[in-house]
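So the protein sequences, as listed, match chains B and V.
When we follow my numbering, the leftmost residue of the first sequence carries the number 442, and every step to the right adds one.
When we follow my numbering, the leftmost residue of the second sequence carries the number 9, and every step to the right adds one.
Treat the hints with caution; some may be incorrect.
As the list claims (entries may be wrong) - In silico lysine to any residue, SDA-like type, Cα no more than 25 Å apart, as pairs:
| hint | chain 1 | residue 1 | chain 2 | residue 2 |
| --- | --- | --- | --- | --- |
| 1 | B | Lys801 | V | Lys64 |
| 2 | V | Lys231 | V | Arg93 |
| 3 | B | Lys753 | B | Ala844 |
| 4 | V | Lys78 | B | Phe494 |
| 5 | V | Lys276 | B | Ser498 |
| 6 | V | Lys68 | B | Ser498 |
| 7 | V | Lys277 | B | Pro786 |
| 8 | B | Lys762 | V | Glu282 |
| 9 | B | Lys691 | B | Glu842 |
| 10 | B | Lys722 | B | Pro759 |
| 11 | V | Lys66 | B | Pro598 |
| 12 | V | Lys277 | B | Arg742 |
| 13 | B | Lys721 | B | Val611 |
| 14 | B | Lys691 | B | Asp975 |
| 15 | V | Lys66 | B | Pro786 |
| 16 | V | Lys78 | B | Leu820 |
| 17 | B | Lys866 | V | Phe77 |
| 18 | B | Lys980 | B | Pro598 |
| 19 | V | Lys276 | B | Val728 |
| 20 | B | Lys774 | V | Lys276 |
| 21 | B | Lys801 | V | Phe77 |
| 22 | V | Lys66 | B | Phe482 |
| 23 | B | Lys753 | B | Lys722 |
| 24 | B | Lys869 | V | Glu282 |
| 25 | V | Lys66 | B | Pro809 |
| 26 | B | Lys866 | V | Arg93 |
Claimed, not checked - Chain V stretches covered by chain B per the calculated footprint, using a threshold of three residues with CB under 8 Å from any CB of chain B:
| hint | region |
| --- | --- |
| 27 | 61 to 70 |
| 28 | 73 to 83 |
| 29 | 91 to 99 |
None of these hints come from the bench; they were simulated from the model.
Remember, it's a predicted structure, so these values are computed and weren't measured experimentally.
All residues carry an ideal CB built from backbone N, CA and C; glycine is no exception.
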Amino acid sequence: MSKEHSPTRILLTVLGLVLAAGLPANAYIGPGAGFAFLSSFLVLLLTFFLAVFSFLSWPFRLLIRLIKGRKTLKGTLVDRVVIIGLDGLEPTLAEKFMAEGKLPHLSLLKKEGTYARLQTTTPAISPVAWSSFMTGSEPSKHNIFDFLSRDPKTYLPSLSSAYIGRPRRVISIGKYAVPLSKPEIRGMRKSVPFWKTLGEAGIFSTVLRVPITFPPEKFSGHLLSGMCAPDLKGSQGTFAFYTTDEVKHKRREGGVVIPVEVRDGRVRTYISGPENSLLKKAEEIKVPLRVEIDKKKGEVRVEVSGQRFGLKVGEFSPWIKITFRPGLGMKVKAIARFLVSQVEPHFEMYLTPLNIDPEKPALPISHPFIYSVYLSKLLGSFITLGEANDTWALNEGALKEAAFLELTYSNHMEWEAMFFNALSKTKKGAVVCVFETTDSIQHMFWRYLDKSHPALRSTSPEMSAQVIEDLYRRMDDLIGRARAKLDPRSALMVMSDHGFKSFRRGVNLNSWLYLNGYLRLKDGKTTSEEWFRDVDWEKTKAYALGLGGLYINQKGREANGIVSAGEETRALKAELISKLNELRDEAAGDVAITEAYDRDQVYSGPYAGNAPDLIIGYNQGFRASWDSVTGKVDSRVFEDNIKAWSGDHCIDPRHVPGVFFFSRKIEAKAPSIMDVAPTVLTLFGLPVPGHMDGRPLVSPGRPAGAPPKDKGKKK
Amino acid sequence: MGLINTILGKLFDLLLLPFRSLNPWAGMAFISLLTGLLMLFIYRLTSNQSGIRRVKDKIKAHLLELRLFKDNMGVTMRAQGQILRANLRYLALNLKPLLVMIVPLILILAQLNLWFGSEPLAVGRPAILKVKLKPDVNVLGTEFALESPPEITIETPPLRLEESREVDWRLKPTAAGTFDLTIRAGDKSYLKTVVVDGRRLEKVSSLKVKRSLLDEVLYPGEKTLPGESRIKTIEIVHPAKKLPLLGLRLHWLIAYLGLSIIFGFALKKPFRVEI
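Sequences and hints are given; from them, build the entire structure.
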């Protein structure tokens, strides 16, 4: 065999040439190139097969849809409905800024279509209002009355929207309890959201971050859960604050303080993860965390979960993946962001709540399950926690105002990216996205609009009223960009679930009940710790829990109820309503409660029995105090609210209507949030189901301002 | 180049020493593992890891898009286009590490070729020795002679092939071992190593080449012929070595490719290399 014909030499020469040319035959140079080639080839192959399959099966799928009698979009008034929810956008501010010419896009929407104040639900709380939005029905039909509901057997609170339980079947192996079934995750919201009705008619929807959509339900479309989706610890968001400052080693609401020491320029600590449910005796899973401090450069190097990354003081890290190992080779993934706010004189570091990693979700946070994976791959990691913006961290001093704003707008940008992606891919159907940015920022910065707010007296201001104006301008800009993507056959709604008012004074209803003899403490006690720890239930007639609920301690319903159902309860409620409606805060010189609502008067649906017996409609400037919400009792009924959380909406719903902008004209003068779902169905030519309490804001014929289908031209 | 070849040659001798009496797959697996590790290390250092991660994520996202939007022909068509674009970007991102890796890899492949490319000559089985001459050498007019140790019998006088500028001899080994043949061309003489039988894994240099960078890189088994030599190459035609697998006889390069990819797959996660 001659040299010229040696196969090895030929192979090597060809190899050298193709490598130099960077062609796919780079497989021959080991794993790196081999993978590159193989992956690339497999992707092409897979794409090819999927394309062929998709192309060939499309007519059949269309045929199946037609046979099943599903509607096409032929007879509809629109091709697409886009709903942008700006949680808590306050009508008086929107109207003021529009009048000042600061919101040009919303003004145009108002001019070309409709603007109205939107009636909210009783109570005016986001989970309640958004549930009514999606189901078109009043709260007693969807069973959401507050963030919290109570267990009448224990008087303890539980999340109103979802129940997450342990797996029903487990096998015991040593110290482990190995699950044989999935954990029980049950949505508590009842009734049918409009996108499910649309899906049954063959109309596709993309639903992003709408509150009370965890756990996600099956329907024809895509959904990413919003408010009430938990973090990896199962809470509604638990931040961690690491500090060497002993003064700050105290309990923080909504978070944990982890004391640390700096030794040789290093902090060795841990990340506190979820409870290890594999263990019979559950304990927290911890991940080691090391921070090297470079004081001169004002930088740190963080080492966690096998990753090392640098971080400047005052700068947020990107999303970092954190892996918890409960055992048996299992991994649970979270994502979180770090912020080292200072390294001297004290080391202080904030860690966001441990968000469920959307790329490898430990709990279902989207429908279909792969939707969150898809978004994560396409747009990068994103916040998945329902209560996304860490208001507690700002409230508790773990975040400064500027850092909170930066984090909040960073979350907002992630949602915008998802929204515009959905908009570009849903040319026909519904796109619904709720931005909670407006709610969070108004909660935390409202005091800058209210010169008399007690929180302004207690701390030196870091920001100004401009924060709120900037927020409205940014939202207006978002609306402008969204409008630019719409054609005339698309209808746009911009709405808020409620408005906002100042929260100056907290009302501790439990203290009022105690002082008026309706709630009794155990012998010798004059106060009670949270969750009614020192309440004597056998002598208690009524108690308050959550942001607006008051419950009668009813015999046969509550574990230690003493008030009989029927006449005794009715009489007690009437007595309480009468007294509460006269409740005055002498220090503020105003009534604290505009109206206490009897649930029997406001609800008529099948779940009315789960509602609080009375729903307290606080006056403007008032709200349930922080202690009242968590079942604490003392001798003070009123107190100044000195937290950064200075604006609120959990008051009489008449004080906090939302906003409703619509690209079409409507006839109704006072639309309600329950009207949105029937309106969407009507726009798509579908009948309004009997369970909906709202009414369509457009007539089933061609709505005013809607162009005929064949004349649609892209703007 | 000679020094590099000597160092690499010694290194491979040392690395494969424990495997010489074992099935050749053992040595191949060991080298694949080591080179896999080395390549992973180089790849990690020279590639844009975050860029590769991003583009791979994009590809996966668009693949998921095909599934998520299967009823939307427009979206699926666009997704396919985006997959192709991302794939090209992925290959482009691989170009730099590939170019860097060419150098060590070709050196390694050349060494592996010595160990796994050819079988030693078998005792009693004839083999051909071919001497290729430069164009300016008179094939018929130059005196050629071959001297061999007693363990190698020279069965034929030199066969001169003017057209292919080649002089051939037929040899027949009579005993196992490594021997030197001396080829005389005019007043110059040149050595060629010949390996006969031996252990299951033997280093065999079938070709001795004149001094040039490419040839030295590809055939590092023996010292090169001097630049002024009349001879271009000296080759002993060895039987090709194959690695048996489930009744198949695999070329070593295929075995190396397969194993190195398997090891790479297994090791990329522990070593946190995005490929």
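Status of the hints after comparison with the structure:
Annotation: proposed proximity of B/Lys801 to V/Lys64 holds, straight-line Cα distance about 16 Å (limit 25 Å). Between V/Lys231 and V/Arg93 the alpha-carbon distance is near 48 Å, which puts this suggested pair outside the 25 Å criterion. Of the pairs offered as hints, the one joining B/Lys753 and B/Ala844 holds, with about 14 Å between alpha carbons and a cut-off of 25 Å not exceeded. Distance restraint check for V/Lys78 and B/Phe494: the Cα-Cα separation of roughly 10 Å lies within the 25 Å cut-off, and the hinted pair is therefore satisfied.
The suggested pairing of V/Lys276 with B/Ser498 is violated, with an alpha-carbon distance near 38 Å, which exceeds 25 Å. In summary, the hint linking V/Lys68 to B/Ser498 is supported, as the alpha carbons are separated by about 22 Å, within the 25 Å threshold. Between V/Lys277 and B/Pro786 the CA atoms are separated by roughly 40 Å; this puts the pair beyond 25 Å, and the hint is violated. A hinted pair counts as satisfied when its Cα atoms are at most 25 Å apart, and B/Lys762 with V/Glu282 qualifies at roughly 15 Å.
Simply put, B/Lys691 and B/Glu842 have alpha-carbon atoms about 20 Å apart, close enough for the 25 Å limit, and the pair holds. Our distance criterion of 25 Å between C-alpha atoms is broken by B/Lys722 and B/Pro759, whose separation comes to about 35 Å. Note on V/Lys66 and B/Pro598: the hinted pairing is violated, with a Cα-Cα distance of about 43 Å set against a maximum of 25 Å. Only pairs whose Cα atoms come within 25 Å are accepted, and V/Lys277 paired with B/Arg742 is accepted, the gap being roughly 22 Å.
Annotation: proposed proximity of B/Lys721 to B/Val611 holds, straight-line Cα distance about 10 Å (limit 25 Å). As the CA atoms of B/Lys691 and B/Asp975 are separated by approximately 23 Å, the hinted pair is consistent with the 25 Å bound. The hinted pair formed by V/Lys66 and B/Pro786 fails the criterion: a straight-line CA distance of about 44 Å is larger than 25 Å. Distance restraint check for V/Lys78 and B/Leu820: the Cα-Cα separation of roughly 20 Å lies within the 25 Å cut-off, and the hinted pair is therefore satisfied.
Simply put, B/Lys866 and V/Phe77 have alpha-carbon atoms about 8 Å apart, close enough for the 25 Å limit, and the pair holds. The suggested pairing of B/Lys980 with B/Pro598 holds, with an alpha-carbon distance near 20 Å, which does not exceed 25 Å. Between V/Lys276 and B/Val728, the direct Cα distance comes to roughly 23 Å. Compliance with the 25 Å bound is thereby established for this hinted pair. For the suggested pair B/Lys774 and V/Lys276, the alpha carbons sit about 19 Å apart, so the restraint of at most 25 Å is met.
Distance check on the hinted pair: B/Lys801 and V/Phe77 sit about 21 Å apart at the alpha-carbon level, within 25 Å; holds. Proposed proximity of V/Lys66 and B/Phe482 is supported: the alpha carbons are some 16 Å apart, at most 25 Å. Restraint check for B/Lys753 and B/Lys722: not satisfied, since their Cα atoms lie roughly 40 Å apart, outside the 25 Å limit. With a CA separation close to 38 Å, the supplied pair B/Lys869 and V/Glu282 exceeds the 25 Å bound.
With a C-alpha separation of about 19 Å, the suggested pairing of V/Lys66 with B/Pro809 holds against the 25 Å cut-off. The straight-line distance between the Cα atoms of B/Lys866 and V/Arg93 is roughly 19 Å, inside the 25 Å bound, and the hint therefore holds. Taking a C-beta to C-beta cut-off of 8 Å, the region 61 to 70 of chain V contributes 7 residues in contact with chain B, enough for the three needed, and the coverage statement holds. Evaluation of the coverage hint for the region 73 to 83 of chain V: fulfilled, as 11 residues show C-beta separations to chain B shorter than 8 Å, against a requirement of three.
For the region 91 to 99 of chain V, the stated coverage by chain B is satisfied: 5 residues place a CB nearer than 8 Å to a CB of that chain, which reaches the threshold of 3.
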